[in-house]
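These protein sequence lines map, in sequence, to chains H and E.
Heads up, the first sequence is in our numbering, so the first residue is 1 and it goes up one at a time.
Heads up, the second sequence is in our numbering, so the first residue is 1 and it goes up one at a time.
These aren't lab readings, by the way, just hints derived from the structure by calculation.
None of the values given here were measured: they were computed from a predicted structure.
Just to be clear, a hint being listed does not mean it is correct.
With a straight-line Cα cutoff of 30 Å, these simulated DSSO-like cross-link-like pairs (lysine-lysine) come out [what the hints assert, rightly or not]: (1) Lys109/E with Lys25/H; (2) Lys109/E with Lys16/H; (3) Lys172/H with Lys213/H; (4) Lys213/H with Lys25/H; (5) Lys213/H with Lys109/E; (6) Lys182/H with Lys213/H; (7) Lys109/H with Lys109/E; (8) Lys172/H with Lys182/H; (9) Lys19/H with Lys274/E; (10) Lys16/H with Lys213/H; (11) Lys182/H with Lys19/H.
To give an idea of the chain H side of the interface with chain E (calculated C-beta under 10 Å), a few residues [stated by the list, open to error]: (12) Gln87; (13) Leu105; (14) Val216; (15) Gly221; (16) Asp224; (17) Glu225.
For every residue, glycine included, the Cβ atom is placed at its ideal position computed from N, Cα and C.
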Amino acid sequence: MASSLQIAGINKRYGKADKSVEVLKRIDIHVEPGEFLILVGPSGCGKSTLLNIIAGLDEPTEGEIRIGGRNVVGMPPRDRDIAMVFQSYALYPTLSVADNIGFALEMRKMPKAERQARIAEVAAMLQIEHLLDRRPSQLSGGQRQRVAMGRALARQPQLFLFDEPLSNLDAKLRVEMRAEIKRLHQSSGITSVYVTHDQVEAMTLGSRIAVMKGGVVQQLGSPDEIYNRPANTYVATFIGSPTMNLVRGRQTGQQFEMLGLSVPLAGPASPQDVLLGVRPEHLRFDDASPWRGEVSVVEPTGPDTYVVVDTPAGTLTLRTGAQTRVQPGDRVGITVDAVHAHWFDAASEARLS
Amino acid sequence: MSAKPSLTATRVLVYTVLAVAALFFLLPLYAMLVTSFKTAEEIRAGHLLSLPAGLNWDSWSTAWSSACTGVDCNGLRPFFWNSVSMAVPAVLISTLWGSLNGYVLSLWKFRGSDTLFGLLLFGVFMPFQVVLLPMSQVLGWLGISSSIGGLVLVHCLAGLAGTTLFFRNYYSAIPGELVNAARIDGAGFWQIFWRIVLPLSTPIVMVTLIWQFTNIWNDFLFGVIFSGTDSKPITVGLNNLANTSSSVKAYNVDMAAAVIAGLPTMAIYVLAGKFFVRGLTAGAVKG
């Protein structure tokens with residue numbers, strides 16, 4: 001049942017030729033059958049436009065979209081065999097929950113008995129059987145979200161599209177529904193594309209993540225690759241919370257020379273300035289280290305404690321265990337292992353080595 | 001919100017002003033009603049505002065079926081039914097047409113649709129006198145001049161700008177995602193209109209029905225110009241009835257005729273008035 005999705009050379013420009021705005025620049029992504037692709041980026045990065053182009057709600061200026069090998073550009077949404085979950089849920093206000101779920105089946109002229117069986121099946125899957133007779137306005141946010149999922153699931157399409165489906169929910173429900181979406185994807189195995197600006201959703205749900213900015217895919221890779229080998233400083237700082245520490249300096253090969261201090265740290269030697277990137281969990285306190293600073297803020301989160309340290313080379317954030325005993329004002333030494341150091345060119349911001 | 005408002009001086013003033021205004025507007029209706037139940041003798045003898053001796057329905061039946069309007073003496077009845085057979089289709093068609101226009105102009109925007117809507121707005125402010133001549137020419141070409149069908153067409157066209165404006169603004173509040181969801185679900189242009197959009201439109205449909213019915217039923221200009229002998233609406237009939245000269249002016253019949261001519265619009269307001277206010281203030285579509 002699962003189909004592949006190929007996004008091939010998609011460009012999108014708005015406006016007239018001489019003063020057009022390029023929203024998407026040569027997007028190439030191949031999604032394997034059953035994969036869960038995340039499009040993540042800040043607002044205005046083009047991720048929603050790309051999703052609308054896949055759905056057929058918008059057309060690309062150039063390029064092809066192939067669902068299961070068949071080019072669908074120019075085809076109306078109804079013929080693309082897709083289902084979409086919207087941010088506002090977009091439930092039909094005058095139809096009951098059952099009719100909302102069955103609407104697509106009705107439009108495709110599925111016989112009533114078969115339709116009702118399918119609605120019951122989906123309702124059971126999402127545990128919303130008791131809501132079938134209600135109107136959307138009588139439901140809570142989480143229930144509406146479930147109905148919107150049910151509407152998409154009912155059709156068993158070749159492709160699921162999600163447009164920031166969890167951003168209208170409160171924090172607790174969001175975590176619940178995130179797990180629910182993951183479970184539904186694992187059981188249905190339907191190829192999915194999911195747009196979000198939330199990096200936690202991206203990391204937890206995706207089998208692959210495309211980090212976008214300014215209409216360009218900055219990096220496409222598994223959550224592991226994105227987190228552990230970010231392609232540039234943009235990806236490095238966008239994914240991960242608290243964000244990765246970046247420190248400017250010179251790398252001679254064995255020694256990293258920062259503003260006002262120098263530490264022994266192996267890395268790719270470069271004649272130009274480089275940026276050292278270290279995730280907060282990879283910085284350690286080490287009294288013997290020449291890299292010293294003063295603790296300015298201590299933020300306990302429960303399982304971890306974030307410690308902000310002012311050093312001559314810049315402000316760093318460390319993630320330490322909950323039992324840390326440092327206090328604001330303490331003088332501390334900081335160190336990082338070479339294996340956890342990320343190196344970026346300071347000018348191009350691209351990853352070195 | 002707060003507790004029961006106390007009877008302050010301001011409040012007394014407000015109620016007094018409102019009561020005077022209500023009286024001012026009700027007085028003509030009162031005068032019409034009492035006069036219509038009086039005999040000619042009572043009208044001559046009594047005061048305009050004095051109550052009639054009894055409920056005398058004679059002038060009502062005269063106005064309805066035997067008063068003279070020019071040479072014919074069949075009362076308002078034929079004119080009334082002309083108005084019904086003109087207003088009902090014209091109201092329904094112009095409302096449905098306006099809702100379709102509004103649906104396209106707000107949810108299926110195309111290149112130039114906003115400009116088109118801007119131009120359509122001219123129609124709302126256009127004095128209808130300027131279209132009388134071209135319109136009669138067009139009706140002639142279509143072969144429906146001096147007929148009920150012609151009047152229906154004229155009223156549909158004249159009302160279209162207003163009904164489109166009503167629906168366009170109402171539908172602007174419908175989120176585009178709703179239409180997109182329906183498109184992905186496989187619904188087409190008409191299915192989305194009938195199944196999703198029109199069921200959301202009850203308040204604005206009521207507003208438009210009342211608005212159009214009042215305009216069309218009360219219209220005199222088109223009625224007097226574009227109608228033929230057998231297709232005159234009730235406003236023209238009432239005018240003819242009141243102007244037909246006889247030795248004695250039958251005020252009681254004139255008043256009864258005027259009330260008859262106004263009854264349908266009053267009935268519509270009473271039946272659907274609560275939707276009118278609700279529809280005018282209805283904004284976002286919750287769902």
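>> Of the numbered hints stated earlier in the document, which are not met by this structure?
In response: 9, 11, 14, 15, 16, 17
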